[in-house]
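Each chain, letter by letter, is given below.
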Amino acid sequence: DQQVKQNSPSLSVQEGRISILNCDYTNSMFDYFLWYKKYPAEGPTFLISISSIKDKNEDGRFTVFLNKSAKHLSLHIVPSQPGDSAVYFCAASEGTSGSRLTFGEGTQLTVNP
Amino acid sequence: NAGVMQNPRHLVRRRGQEARLRCSPMKGHSHVYWYRQLPEEGLKFMVYLQKENIIDESGMPKERFSAEFPKEGPSILRIQQVVRGDSAAYFCASSPFSSTNNQPQHFGDGTRLSIL
Numbered sequence: 006d007q008q009v010k011q012n013s014p015s016l017s018v019q020e021g022r023i024s025i026l027n028c029d030y031t032n033s034m035f036d037y038f039l040w041y042k043k044y045p046a047e048g049p050t051f052l053i054s055i056s057s058i059k060d061k062n063e064d065g066r067f068t069v070f071l072n073k074s075a076k077h078l079s080l081h082i083v084p085s086q087p088g089d090s091a092v093y094f095c096a097a098s099e100g101t102s103g104s105r106l107t108f109g110e111g112t113q114l115t116v117n118p
Numbered sequence: 092n093a094g095v096m097q098n099p100r101h102l103v104r105r106r107g108q109e110a111r112l113r114c115s116p117m118k119g120h121s122h123v124y125w126y127r128q129l130p131e132e133g134l135k136f137m138v139y140l141q142k143e144n145i146i147d148e149s150g151m152p153k154e155r156f157s158a159e160f161p162k163e164g165p166s167i168l169r170i171q172q173v174v175r176g177d178s179a180a181y182f183c184a185s186s187p188f189s190s191t192n193n194q195p196q197h198f199g200d201g202t203r204l205s206i207l
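Chains B and W are the protein sequences, given in the same order. If you use my numbering, the first sequence corresponds to residues 6 to 118, in order. If you use my numbering, the second sequence corresponds to residues 92 to 207, in order.
Treat the hints as calculated values from the structure; they're not laboratory data. Fair warning: there could be bad hints in the mix.
Here are the simulated DSBU-like cross-link-like pairs (lysine-lysine), alpha carbons at most 35 Å apart as the crow flies [claimed, not checked]: (1) B:61 x W:162; (2) W:153 x B:42; (3) W:162 x B:73; (4) W:153 x W:118; (5) B:61 x W:153; (6) B:73 x B:42; (7) B:42 x W:142; (8) W:118 x W:142; (9) B:10 x W:142; (10) W:142 x B:59; (11) B:59 x B:10; (12) B:42 x W:135; (13) B:59 x W:153; (14) W:118 x B:61; (15) B:10 x W:118; (16) B:76 x B:59; (17) B:73 x B:10; (18) B:42 x W:162; (19) W:162 x B:76; (20) B:61 x B:76; (21) W:135 x B:59; (22) W:142 x W:153; (23) W:135 x B:76.
A few chain W residues that don't get close to chain B, going by computed Cβ distances all over 12 Å [to be verified]: (24) 111; (25) 143; (26) 165; (27) 167; (28) 172; (29) 174; (30) 175; (31) 203.
Okay, the calculated beta carbon distance ranges per label pair [unchecked claim]: (32) B:75 x W:144: 35 to 41 Å; (33) W:143 x B:12: 40 to 46 Å; (34) W:155 x B:8: 22 to 28 Å; (35) W:143 x B:13: 40 to 46 Å; (36) W:162 x B:17: 28 to 34 Å; (37) W:157 x B:75: 39 to 45 Å; (38) B:74 x W:145: 25 to 31 Å.
Glycine is no exception: its CB is placed at the ideal position from the N, C-alpha and C atoms.
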């Protein structure tokens with residue numbers, strides 16, 4: 006049972022344009038959502054998170070949107086840069102700190118110069 | 092570097108041997124998590140520990156796998172009698188204790204386990 010799904014295995018965008026990565030979840034008990042970026046042979050790096058009491062969180066070029074009624078979240082990167090090319094994982098957890106993360110399968114983002 | 096430290100980075104074992112993976116959390120972090128990533132898949136939760144306590148082991152296979160986080164020293168993920176299907180990347184993450192604010196988990200660079 007895949008509770009967190011990233012339906013696009015890959016995404017390709019031009020440098021300077023917007024990248025939009027999507028994530029859907031089925032577990033209504035999830036209340037904390039995170040995005041991680043992963044380069045080959047490295048561990049996931051935390052990017053940005055959002056609590057279920059919010060619908061938007063912004064940090065520099067990265068913005069995460071949460072639509073609880075649709076059980077959908079998205080990560081916007083603008084402007085996209087070649088260094089953003091990586092695998093992006095969506096993750097979710099229940100409750101406060103100390104909860105396990107449930108990850109999506111990841112989306113390979115390629116930003117072309 | 093005060094990040095999550097995992098060693099070894101690569102580990103090769105023959106079928107039937109034991110594998111020990113070590114993880115030192117970030118300074119000040121008291122929560123440790125282990126995840127496994129099979130090829131072409133996302134990370135799957137295995138176990139969550141605090142010092143000397145296993146809090147959630149619902150993702151651990153019932154046999155051959157064990158984890159500990161002793162009072163002193165790193166957390167250890169132990170796999171006994173390894174099989175080919177144990178080949179994967181094993182990631183450790185840590186987070187600080189917080190009863191009020193959500194805190195992200197920070198990951199190490201993983202141990203790539205290969206079973207011959």
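35 Å Cα cutoff - pair residue 61 (chain B), residue 153 (chain W):
Distance ~40 Å between residue 61 (chain B) and residue 153 (chain W) Cα, so the pair is violated.
Hint check: residue 42 (chain B) vs residue 142 (chain W), CA-CA at most 35 Å. Holds or violated?
holds, 28 Å
Are the Cα atoms of residue 73 (chain B) and residue 42 (chain B) separated by 35 Å or less?
Holds - the C-alpha atoms of residue 42 (chain B) and residue 73 (chain B) are around 23 Å apart, at most 35 Å.
Outside-interface status for residue 143 (chain W) - nearest CB in chain B farther than 12 Å:
holds, 15 Å
Is it true that the CA of residue 10 (chain B) sits at most 35 Å from the CA of residue 118 (chain W)?
Between residue 10 (chain B) and residue 118 (chain W) the Cα gap is close to 33 Å, so the pair holds against 35 Å.
Proposed proximity, residue 59 (chain B) with residue 135 (chain W) (alpha carbon, max 35 Å):
holds, 26 Å
Distance restraint evaluation - residue 75 (chain B), residue 144 (chain W), Cβ atoms, bounds 35 to 41 Å:
Distance hint for residue 75 (chain B), residue 144 (chain W) holds at roughly 38 Å.
Was residue 111 (chain W) rightly flagged as not at the interface, with every chain B Cβ beyond 12 Å?
holds, 19 Å
Does residue 203 (chain W) clear chain B by more than 12 Å, comparing its Cβ with all Cβ atoms of that chain?
violated, 8 Å
Holds or violated: residue 142 (chain W) to residue 59 (chain B), with C-alpha atoms at most 35 Å apart:
Given that 35 Å is the threshold and the Cα spacing comes to 33 Å, the pair holds.
What's the verdict on residue 59 (chain B) and residue 153 (chain W), does the C-alpha distance respect the 35 Å limit or exceed it?
violated, 38 Å
Interface-negative label, residue 167 (chain W) against chain B, beta-carbon threshold 12 Å:
holds, 18 Å
In terms of the numbered hints stated before, the structure departs from hints 1, 3, 5, 13, 19, 31, 36, 38, listed from lowest to highest.
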